[in-house]
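Engineer: With these hints in hand, go ahead and build the complete structure from the sequences.
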Amino acid sequence: MIIIGALLGAVAGAMAAVILVQRAEEAQQSPKLTAGDGVKVGLGVLGLLRLISEIGSKK
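Heads up, the sequence shown is in my numbering, so the first residue is 43 and it goes up one at a time.
Keep in mind that the hints were calculated from the coordinates and are not lab data. Errors might be hidden in some of the hints.
[Claimed, not checked] If you anchor each label on the Cβ, the simulated ranges turn out as follows:
1) Lys74 / Ala54: 17 to 23 Å
2) Gly78 / Ala54: 19 to 25 Å
3) Ile45 / Lys82: 17 to 23 Å
4) Val63 / Glu96: 30 to 36 Å
5) Gly98 / Leu75: 39 to 45 Å
6) Val83 / Ile46: 19 to 25 Å
7) Val87 / Ala66: 20 to 26 Å
8) Gly55 / Leu93: 27 to 33 Å
9) Gly89 / Ile45: 19 to 25 Å
10) Ser99 / Gln71: 39 to 45 Å
By construction, the Cβ of each residue, glycine as well, lies at the ideal position given by its N, Cα and C atoms.
Structural biologist: Structure (structure tokens):
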């Protein structure tokens, strides 16, 4: 189960990177991730992990 979670996380991260690069190319800029964007992503990941852990604890 851990391997599946790791693979899903890697795929999600790769997809996010592709989207970030594509948007930067459309704007003809280099990809930029500000500190604020990093905090938003981190909080989003923590929220997702919290939801997953709550689902797992109900069983």
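Engineer: Against which earlier hints does the structure fall short, listed by number upward?
Structural biologist: Hints 3, 5 and 8 not satisfied by this model.
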